[in-house]
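Start counting the sequence shown at 28; every next residue gets the next number (this note's numbering).
Among the clues, some could well be false.
[Unchecked claim] Derived PhoX-like pairs (lysine-lysine); straight-line CA-CA distance at most 25 Å:
no.: 1; residue 1: Lys33; residue 2: Lys67
no.: 2; residue 1: Lys67; residue 2: Lys142
no.: 3; residue 1: Lys67; residue 2: Lys57
no.: 4; residue 1: Lys48; residue 2: Lys121
no.: 5; residue 1: Lys48; residue 2: Lys142
no.: 6; residue 1: Lys121; residue 2: Lys57
no.: 7; residue 1: Lys48; residue 2: Lys67
no.: 8; residue 1: Lys48; residue 2: Lys33
no.: 9; residue 1: Lys37; residue 2: Lys48
no.: 10; residue 1: Lys67; residue 2: Lys121
no.: 11; residue 1: Lys33; residue 2: Lys57
no.: 12; residue 1: Lys37; residue 2: Lys67
[To be verified] What follows is a set of in silico ranges between Cβ atoms, one per label pair, in the way DEER data are often shown:
no.: 13; residue 1: Leu39; residue 2: Pro141; range: 24 to 30 Å
no.: 14; residue 1: Asn68; residue 2: Val117; range: 27 to 33 Å
no.: 15; residue 1: Val73; residue 2: Gly118; range: 19 to 25 Å
no.: 16; residue 1: Glu109; residue 2: Pro88; range: 19 to 25 Å
no.: 17; residue 1: Lys37; residue 2: Asp127; range: 26 to 32 Å
no.: 18; residue 1: Lys48; residue 2: Asp140; range: 16 to 22 Å
no.: 19; residue 1: Asp140; residue 2: Asn68; range: 20 to 26 Å
no.: 20; residue 1: Gly47; residue 2: Asp76; range: 16 to 22 Å
no.: 21; residue 1: Asp140; residue 2: Gly47; range: 16 to 22 Å
no.: 22; residue 1: Thr115; residue 2: Phe155; range: 33 to 39 Å
no.: 23; residue 1: Thr115; residue 2: Ser46; range: 31 to 37 Å
no.: 24; residue 1: Asp129; residue 2: Leu31; range: 17 to 23 Å
For the record, the hints were derived by calculation from the structure and aren't laboratory data. Heads up, the beta-carbon is just placed ideally off N, CA and C, and yes, glycines get one too.
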Amino acid sequence: MSTLFKSIDKPLETLVNESGKNVANILCPKENCQCIILRKNTATLVERDGAKLALPITSVPATLLKDNDTHFWHVSNMMDFENVGFSTTVGTTKYLSCADCDLGPIGYHDTTDPKEFVISISRAKYNF
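Put together the whole structure using the sequences plus the hints.
Quick look at the structure:
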C-alpha cells in the first residue's frame with residue numbers, strides 16, 4: 028500500500044530515519060503507477076531551491092504541486108535511482124520523471140554539480 032505525501036502526518040519526521048535517510052520506498056505519485064523511483068535507505072533529505080521545478084507545463088497533477096517545494100530526496104549518483112527518466116538539458120537543469128509513465132517533473136539534476144540529483148519530497152508516494 029502506498030501513501031501520498033499530503034496524507035502523511037508529520038512527514039518530515041515520519042519519512043526520515045535517524046541518519047537522515049528515507050525510511051520507505053519512494054514511488055511515482057501517479058495514482059495507478061507503482062514505479063519505484065528510489066529504494067528505502069538510499070536518499071538523504073535536503074533543502075534546495077524549489078523554483079527549479081517550476082515549469083509552464085507539467086504532467087504532475089495540481090494536487091501534488093506546492094508553491095514552496097524546498098525539501099528533496101538527494102542522491103549523488105544517478106545509478107542510485109531504481110527507475111527515473113531524464114529530460115534534455117534546459118539551461119543547466121535536467122528534469123526527472125517517472126521512467127514508466129513519464130509523469131514529471133518529479134525532481135531535477137543540476138548539471139553544474141555532477142553529484143546533485145533530487146526528487147521532490149511532495150511529488151512522490153511512499154511504500155512503508
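For each hint, the structure was consulted:
The hinted pair formed by Lys33 and Lys67 meets the criterion: a straight-line CA distance of about 19 Å does not exceed 25 Å. For the suggested pair Lys67 and Lys142, the alpha carbons sit about 19 Å apart, so the restraint of at most 25 Å is met. Taken as a hint, the Lys67 and Lys57 pair is honoured in the structure, with Cα atoms around 19 Å apart against an allowance of 25 Å. For the suggested pair Lys48 and Lys121, the alpha carbons sit about 23 Å apart, so the restraint of at most 25 Å is met.
With a C-alpha separation of about 17 Å, the suggested pair Lys48 and Lys142 falls inside the 25 Å cut-off, and the hint holds. At roughly 20 Å between alpha-carbon atoms, Lys121 and Lys57 fall within 25 Å of each other, so this suggested pair holds. The straight-line distance between the Cα atoms of Lys48 and Lys67 is roughly 8 Å, inside the 25 Å bound, and the hint therefore holds. Distance hint between Lys48 and Lys33 is fulfilled; the C-alpha atoms sit about 19 Å from each other, no more than 25 Å.
Simply put, Lys37 and Lys48 have alpha-carbon atoms about 16 Å apart, close enough for the 25 Å limit, and the pair holds. Annotation: proposed proximity of Lys67 to Lys121 holds, straight-line Cα distance about 24 Å (limit 25 Å). Between Lys33 and Lys57 the alpha-carbon distance is near 13 Å, which keeps this suggested pair within the 25 Å criterion. Taken as a hint, the Lys37 and Lys67 pair is honoured in the structure, with Cα atoms around 18 Å apart against an allowance of 25 Å.
Distance hint check for Leu39 and Pro141: the Cβ-Cβ separation is about 28 Å, which falls inside the suggested range of 24 to 30 Å. Against the hinted window of 27 to 33 Å, the Cβ-Cβ separation of Asn68 and Val117 comes to about 31 Å, which satisfies the hint. The beta-carbon spacing between Val73 and Gly118, approximately 21 Å, falls within the hinted interval of 19 to 25 Å. Taking the beta carbon of each, Glu109 and Pro88 are about 22 Å apart, inside 19 to 25 Å as hinted.
For the hinted restraint 26 to 32 Å between Lys37 and Asp127, the CB-CB distance of approximately 29 Å keeps it satisfied. Between Lys48 and Asp140 the beta carbon distance is about 20 Å. The supplied range of 16 to 22 Å therefore holds. The hint said 20 to 26 Å for the Cβ distance between Asp140 and Asn68, and at roughly 23 Å that hint holds. As the Cβ distance of Gly47 to Asp76 is approximately 19 Å, the hint placing it in 16 to 22 Å holds.
For the hinted restraint 16 to 22 Å between Asp140 and Gly47, the CB-CB distance of approximately 19 Å keeps it satisfied. Range check, Thr115 to Phe155: Cβ separation about 35 Å, and the 33 to 39 Å hint holds. A hinted range of 31 to 37 Å holds for the C-beta pair Thr115 and Ser46, which are about 34 Å apart. Restraint check, Asp129 to Leu31: a C-beta distance of roughly 19 Å satisfies the suggested window 17 to 23 Å.
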